[in-house]
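Using the sequences provided together with the hints, build the complete structure.
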Amino acid sequence: MPTATPPLSSTPHGLAPAGDPAAGLRRIVAAAARHAQVPAQLAMAAARLSPVETTAWLLSLGPSAGELLGDDGVAELVDVLAGQALARGQLTLAEGVCEAALRHAHAVLPDTAATLAAALPPERRPAALRPLCERVLDRAPRHPALLRAAAELALERGDGARAHALLDRLGQADPSPATAGWVASARGRAPAPPAPPIGVALLGSFTLNPLVPFLDLELRAAGLLPSITLGGYGAWEREVADENDPVWAADLGLGVIAAHVDDLVPALAGDPTPGELRAAGMEAVERVVAAAERFRARSAAALAVLGFHSAHPDPSGPLHSVDGRAAILAELNRALAERVEALPDAWVVDLGEVTLRRAGGAADEPKLRHLARMRLPPAALPALARSLAGIAVAAKGLTRKCLLLDLDDTLWGGLAGEDGVGGVRLGDTAPGSEFVELQHALKALAGRGVLLAVASKNNEDDALAVIRGHGAMVLREADFAALRINWRPKHENAAEIAAELGIGLESMVFVDNSPDERARMRAMLPQVLTPELPADPALFRRTLQELPQLRVARVTDEDRARTALYRARAGRMQAQRGAGSLDEYLRGLGVEVHVEPAPEAALARAHQLFARTNQFNLTTRRYAHAELQARAADPAWRLYVLRARDRHGDHGLVSCALVRVEESAWTVDNLVLSCRALGCGVETALLAAIGRAARRAGATHLRGELADSGKNAPAHGFWARHGFTRVDDGSGGVERWELALDGGGVAAPPWICLEGADEA
Amino acid sequence: MKPELLVSRVLGVPAQQLSDSTSNAQLGTWDSLAHITLVLEIESTYGVSVSVEEALGMTSVGAIKQVLAQRGVRW
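Taken in sequence, the protein lines are chains A and B. For the first sequence, the numbering used here gives the first residue as 1, with consecutive numbering after it. For the second sequence, the numbering used here gives the first residue as 1001, with consecutive numbering after it.
Just so you know, the hints here were simulated from the structure itself, not pulled from any lab data. No false leads were slipped in.
As a list, the in silico EDC-like pairs of lysine to aspartate or glutamate whose alpha-carbon atoms are at most 16 Å apart: (1) A:K367 - B:E1054; (2) A:K457 - A:D516; (3) A:K367 - B:E1041; (4) A:K457 - A:E517; (5) B:K1065 - B:E1041; (6) A:K443 - A:E477; (7) A:K367 - B:E1043; (8) A:K401 - A:E500; (9) B:K1002 - B:E1041; (10) A:K367 - B:E1053; (11) A:K457 - A:D419.
Listed below in structure tokens is the structure:
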């Protein structure tokens, strides 16, 4: 409750409220109005002191309120009153505010109407609220909060047609992922509008989930009723080969194959030669074309294939070189278009155009074009200038010859001395993948003649253990021209390395995540170039790649073996094409797996797999890192890990299992499989290896369990599929399964080459 | 930020020398390129989008304020 009324004591009339403060206020306002004094401020003060009285006053005022307060004043007054009513939880007052607002709907702010609509409980929603929202919406047709509130109102009263129309407008007005997601989920609460249905299958090599709500929105805006099926992560090739896959269940009108060239040609992260890039790229084209042809053989639906557009820059810089990355990607896209367009109703989408020319995108500058004949958007100017500087630096022979690199938190995450080989962050998932990417870029620079050297404050043994022993290191000892791993100041090491390599200090670039080390180097050796680095290691790569002083704009040699290589690879791929069976496809994939008891270095990844996997997870038992470590060393347990590779590359550690070992029977406590390896049968190979090891150890039975977590549907049926018999009574929620090993155990799939585990 | 301050920063003229009637004809530094910079700065500072026609008409401090006021911008 307010106790003091400072705005009143300073009114021009010197009136003070007597008795009932609200009544006094009303008199003040009325007096002020009569004398044409600034009533807006007074009205605002009154609204805060006595919202009920002020609302009544505003209701009684009618159209003259606009003359008195101005439309802005009315809008602000209504907003204050609404805020007061909602803050005090006075629903009757809120009803009055809605009435008053409706009377002055031409002035009410969209935010005020949206706040009222969102905050009032459905059962106490005043009759004036809906017409208020509608009238304000007429004035502010693209106001997201109001559109959302109005859509909620329409959904609650079951007006599906109106709800869909408002959701369409909301999605267009606020194209953010959060809003698109809300719009898509809100659709489910309204009956489907009468529109021609269309089934859509999205098959891709990367995360496409965020595209789904936008696609839903655009298809509806185009007058269709979409039903979108999203394929498994990275499973596009298997799904297109598998006639039983759910993506075929929908009544397909559109298929999308979204295989990203960075997934198909991992070498793009580094510095492949033109010949290597062409060969790997053509192989990628063949894979996508094979998928498109399989799709076409199964469905008559329209097919959109995403073209190739890489997130990795050409290490030479943004140049149109005859054998540069842009030229080769253009060749690949042309080959892709030729082959895909040969299929009926199939198109290739130009991803580069989509990202450059989208509204607000880098190339979308109509205003500057018309105002100033500027052809280049301001946002592109720094990068263009930097690349021109790179050419000038190279022409002047000022390109730096040596990169002096820190190790901890620069080349890998964490500290070699504290975290050890198994603990530093470096691998194919974040945190760690950003350092791998940086190392690839550094290796690319080394391949162009820039020397890499190390200056790290560490115990030499600790750091070398990571460089030599970590499986994900891209740079090894041999990649460094000089190593100084010690506790001396880095500028001393820099000077020593420069002397050793016979280069000047002005040829060096020092890269260290520590601002202190950078400041010290700048102070001690200003000749060494010490660029500022962003705090996020994921941005180190771009900073270094854009540095003009590291631009080696080498004109690459034509790879003489290019044509022969291209033909050989293309020929091999040719044999695999066509709409063959899943089995044929898997055989062609050449899957090789290696199973072994987890070595120390694999524990972190195994822990991560158990902790993060939800889909293919038999019992969803999670284990603490220390627990796994103890079990791995305990003869009563076995922790198996499986690495997989196929002709397209190494997938790393994708599956693991913890097994309880007893004399007569081994029991699989849990087995998990990374979702990126689903569908190739590697889980069967792991089970086969475990069965083999159990039999070898003299066990007669292999046992396993399955607990439905609500998320692990892909794991259901695992035991039955491998010939196990269910032995529990159905109570307790955990299924128990058993297999007698005298019948030969479990066979690995015929298309998988299984190595290891026998010695276990 | 007051529009005068923004204009002063872009054109390098002390803010107290600017009034609503100050126009591009009176200021030597307010040339066509500076005008583009001014339009871009106004758009990013106040979070508004100015049409080509409006941008061409924003040739005085007062005209700039008028366009901003139409957008509901207060300063």
